[in-house]
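The task is simple: from the sequences and hints, build the whole structure.
Protein chains: 2
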Amino acid sequence: MKKNHLLTPGPTPVPAEVLLCMANPIIHHRTPEYEEIFAQVKKGLAALFQTRQDVLVLSSSGTGAMEAAVINLLSAGDTALVVNAGKFGKRWADICRAFKVNTEIIEVAWGQAVHPQAVADALKANPQIKAVFTTHSETSTGVLHDIKTIAAIVAGYPETVLVVDAITALGATAVPMDDWGLDVVVTGSQKALMMPPGLACIALSQKAWKLTETSQLPKYYFDLKKEKKSQAKNQTAYTPAISLIIALRKSLSMIEQEGLSKVHRRHQLLAEATRSAVAALGLELLAPESPSPALTAVKSPPGVEVSALRGLLSKKYGVTIAGGQDHLKGKIFRIAHLGYMSTFDTIIAVSALEMALKELGHPVQLGTGVKAAQKILINL
Amino acid sequence: MKKNHLLTPGPTPVPAEVLLCMANPIIHHRTPEYEEIFAQVKKGLAALFQTRQDVLVLSSSGTGAMEAAVINLLSAGDTALVVNAGKFGKRWADICRAFKVNTEIIEVAWGQAVHPQAVADALKANPQIKAVFTTHSETSTGVLHDIKTIAAIVAGYPETVLVVDAITALGATAVPMDDWGLDVVVTGSQKALMMPPGLACIALSQKAWKLTETSQLPKYYFDLKKEKKSQAKNQTAYTPAISLIIALRKSLSMIEQEGLSKVHRRHQLLAEATRSAVAALGLELLAPESPSPALTAVKSPPGVEVSALRGLLSKKYGVTIAGGQDHLKGKIFRIAHLGYMSTFDTIIAVSALEMALKELGHPVQLGTGVKAAQKILINL
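Residue numbers (this note's numbering), protein chains in the order written: chain A, -17 to 362; chain B, -17 to 362.
Honestly, the hints are just simulated from the structure, not real lab data.
Please note that the accuracy of each hint is not assured.
Pairs involving identical chains hold if they fit within one copy or between any two copies, as the list cannot separate such chains.
Stated by the list, open to error - EDC-like cross-link-like pairs, simulated, lysine to aspartate or glutamate; straight-line CA separation at most 16 angstroms:
| id | residue 1 | residue 2 |
| --- | --- | --- |
| 1 | Lys298 | Glu86 |
| 2 | Lys340 | Asp161 |
| 3 | Lys210 | Glu238 |
| 4 | Lys311 | Asp160 |
| 5 | Lys313 | Glu266 |
| 6 | Lys244 | Glu254 |
| 7 | Lys207 | Glu86 |
| 8 | Lys210 | Asp36 |
| 9 | Lys297 | Glu15 |
| 10 | Lys25 | Glu266 |
| 11 | Lys340 | Glu18 |
| 12 | Lys311 | Glu86 |
| 13 | Lys210 | Glu86 |
In structure tokens, the structure reads:
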């Protein structure tokens, strides 16, 4: 008997209550019953995005919603500023370039947060910039960017919008779209929403909706104006992923029941506990300065192969953690605190890490990390 | 206690065995376990498409795969020929136009099949046509087009491809992609695949892959060359809808177990039984000449409001059928034979129809349609 523990920053574990929603007989979406469900989903998403704008649901991965942001706001030849501080920051640049948007990049070392001043300088230097694209929580490095400050900077430019990939941030930390003045917020279902992958969500400010009026990039499946019209009537432009929508209603109601600030605090404490354990074990964080509450990226200690560590954790302990991506492959491992995670998921993560490191010959005093984590988790 | 019977041409009923797959704990997709599942899905899809080409899976509705076909084959300013014989034929034209493709239309009265000769004439008249877009089974009218003959015509043009929306055809009738020489075949999960909506599939011939080398339309999420590369390694370019993929493996294995020709014969007989019942009840088919085995469209008899009929069926009998779309709204109703449907689903459809018509004051001798259906269904 081996119990499996999914501790990756997406996909994340899905509560049985949510999984079971998907085992119900499928219903037709052109029915009052479905429309009532969709109305509840919209309400739950608006609470999560902390916005009075419409949060639109798309049947796609989070990347689909990222593409939707680019193609609905911009035209070929427009200029965009992209904060590239990891794999998902780079994705904004890749999408912009695929659609022939002039793309200026702020390059940030992977593991560091962008200096908001760098955004201010870039905007000042180039008044052509129509949109700033950034991640909030960078999943590839475990960094949380200071979106509040960046938003205040972009707000000074009446013709420029801020587009935020909050795919691992939303639900793990506060993303108060309206209060901070974020123009576009994008997320995916398989992160803090405690859902399987397959749905993406996107919300636009009035400033961003105004840009959709002039955008010339061709679009059909991801046409947000068409979606806005349909979703106002609790429908979607095309057949929605019905079973996922129904499951989402359940997961959103679980988030509502726990209370958003408690959900955020839980993520925060799990992350702090993990970081404290990592320090107690003498390991080094990739992003000690601006850590995300969604996940913790840890440098693999000398002599320990990440692939061997992950393999042992998976095979012997049923614990799945993530490795590094792109040039961080083999250099770091990533432990998530994302979504349906609580005290003992973190205890499992730290405990399994200790045992596996010891088995791989790395000097570890068993229980040291667990003890450090417990000291923090007792407050949860 | 009211039992629900979903008899619409998408979404369609999902077997409990498939639904329960989605209630299993989520697994990570970057694992050998997932890759083995995906490999089986690819094999099952290739058998269904009757092709040796790769069948690619996308996380989107069927419309997403339709868009993928257009943007991966063509460039703005290219010329396409579209067969518009219903709502979904029209969608090809809408997508082509959204991407600034010159779009020639063959207009066909809704309820009729296109004359293959019309395609031959159009191709002869305009050598610029790079792609012919058509539906196979038109869901809005219940017509099955003669794709085999059309494919033979298009095959005579070495620079022109045939793109087939087989969203309701595939699995309901034979779509032998390689044998017929179809260049692109598109489907969605919520039809004969006996799955919830949320996945789409697309396969390209070598002739179509060649066109992807010159296509200039911008693309990112639906970039099929990138997907082909990833899916060759049993991965996807972006996070897949994992739970739907796992469910799809199950539904494909059920199709394989029944045997594809038996699956097609089942659809054929359910459709014939329904048509026979409709005739016995003195009702008129919308598409008597080229009926699809996926669904049957019936003209509402004088004095019977489609909305009243559908409402009564739904409220009193728990039977959901579809109405007409666009200009056929209020004029027809549609009964599906699509996917997880067997003898008694058709008996239920006919029986409920008889009872509801009688209750609405239409002269019906109860049991007449059922008897006609039984005579055919006894052979299944």
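Hints versus structure:
1. For the identical chains of this complex, Lys298 and Glu86 are neighbours neither inside a copy (46 angstroms) nor across copies (61 angstroms), given an alpha-carbon limit of 16 angstroms.
2. In this assembly of identical chains, the alpha carbons of Lys340 and Asp161 never lie at most 16 angstroms apart, being 47 angstroms within a copy and 59 angstroms across copies at closest.
3. Proximity of Lys210 and Glu238 under a CA criterion of 16 angstroms is satisfied in neither setting, with 24 angstroms inside one chain copy and 40 angstroms between copies.
4. Taking CA atoms no more than 16 angstroms apart as the test, Lys311 paired with Asp160 passes in neither setting, with 37 angstroms inside one copy and 41 angstroms between copies.
5. For the homomeric pair Lys313 and Glu266, the shortest alpha-carbon distance inside one copy (11 angstroms) is at most 16 angstroms, but the shortest distance between copies (69 angstroms) is not.
6. Taking the shortest Cα distances, Lys244 and Glu254 sit within 16 angstroms of each other inside one copy (15 angstroms), while across copies they are farther apart (59 angstroms).
7. With identical chains, the CA atoms of Lys207 and Glu86 are never at most 16 angstroms apart, being 27 angstroms at best within one copy and 26 angstroms at best between copies.
8. When the C-alpha separation of Lys210 and Asp36 is checked against a cutoff of 16 angstroms, the pair qualifies only within one copy, where the shortest distance is 7 angstroms, while the shortest distance between copies is 35 angstroms.
9. When the C-alpha separation of Lys297 and Glu15 is checked against a cutoff of 16 angstroms, the pair qualifies only between copies, where the shortest distance is 12 angstroms, while the shortest distance within a copy is 44 angstroms.
10. In the homo-oligomer, the alpha carbons of Lys25 and Glu266 never lie at most 16 angstroms apart, since the shortest distance is 41 angstroms inside one protomer and 44 angstroms across protomers.
11. In this homomeric assembly, Lys340 and Glu18 never come within 16 angstroms of each other (Cα to Cα): the closest approach is 53 angstroms inside a single copy and 31 angstroms across copies.
12. Within a single copy, Lys311 and Glu86 get their C-alpha atoms no closer than 26 angstroms, and across copies no closer than 50 angstroms, so neither meets the 16 angstroms cut-off.
13. Proximity of Lys210 and Glu86 under a CA criterion of 16 angstroms is satisfied in neither setting, with 30 angstroms inside one chain copy and 30 angstroms between copies.
Against the hints set out earlier in the document, violations occur for numbers 1, 2, 3, 4, 7, 10, 11, 12 and 13.
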